[in-house]
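Make a model of the complete structure from these sequences and hints.
Taken in order, these protein sequences are the chains called A and B. Residue numbers for the first sequence follow our numbering, so the first one is 1 and each next one is one higher. Residue numbers for the second sequence follow our numbering, so the first one is 1 and each next one is one higher.
No lab work stands behind these hints, which were simulated from the structure alone. Don't take each hint at face value.
The list makes no distinction among identical chains, and a pair is therefore deemed to hold if it is satisfied within one copy or across any two copies.
Stated by the list, open to error - The list that follows gives simulated cross-link-like pairs (lysine-lysine, DSBU-like), each with its CA atoms no further than 30 Å apart:
(1) Lys52 <-> Lys18
(2) Lys8 <-> Lys18
(3) Lys17 <-> Lys62
Protein chains: 2
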Amino acid sequence: MLQRKLGKRIGDLRRAKKLTQEQLAEAVGCSVEFVSLVERGINAPSVAGLEKFSEVLSVEVKDLFTFEHNKR
Amino acid sequence: MLQRKLGKRIGDLRRAKKLTQEQLAEAVGCSVEFVSLVERGINAPSVAGLEKFSEVLSVEVKDLFTFEHNKR
DNA sequence: TTCACCACGCAGCTAAACTACGGGTTGCAT
DNA sequence: ATGCAACCCGTAGTTTAGCTGCGTGGTGAA
Chain A
1 MLQRKLGKRI GDLRRAKKLT QEQLAEAVGC SVEFVSLVER GINAPSVAGL
51 EKFSEVLSVE VKDLFTFEHN KR
Chain B
1 MLQRKLGKRI GDLRRAKKLT QEQLAEAVGC SVEFVSLVER GINAPSVAGL
51 EKFSEVLSVE VKDLFTFEHN KR
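Next up, the structure:
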């Protein structure tokens with residue numbers, strides 16, 4: 001549930017930055033497959049990973065857990 | 001670095017709630033030793049764990065990553 | 001002193017973070 | 001219509017680190 005939202009959030013931030021999953025993966029230092037798993041909410045990055053993602057996406061870690069309420 | 005801040009934050013929230021490490025551990029469903037490791041910044045909880053900690057401490061997950069700037 | 005609370009090292013288990021390969025779908029160009 | 005880029009998704013595998021248990025020892029308060 002939380003993972004799902006987190007993944008969606010990361011995907012949104014990535015698209016906002018006009019990055020492809022492959023580019024994000026390279027910048028973060030992980031595999032493309034893992035980025036896919038994370039964005040789909042199947043896996044969640046470790047705390048160390050969250051830090052890297054936040055850096056690449058130019059946001060604070062807490063912003064990765066900040067969701068807009070009930071869009072749509 | 002991030003782990004350290006996270007641990008300090010969790011410790012602060014726990015003390016603010018007048019809880020002992022043992023009580024927090026039981027409420028969260030983990031060992032006392034792990035709570036100690038987390039608060040000292042040696043380990044970080046998984047995302048699922050972060051969720052449990054936040055529930056017990058009555059804050060949002062993002063608040064676990066919200067730090068006050070340069071106290072002291 | 002005693003007792004509650006916590007730091008800390010060490011050793012171990014296991015879940016999940018993370019990778020690699022391969023096929024399949026969508027969409028958008030040309 | 002096809003060619004390609006970007007992504008989904010399953011399967012299977014490796015390795016990290018999340019998490020536990022035990023034991024010791026230190027500190028401060030009653």
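Requested in this report: Output the numbers, in ascending order, of every earlier hint that fails for this structure.
Outcome: none
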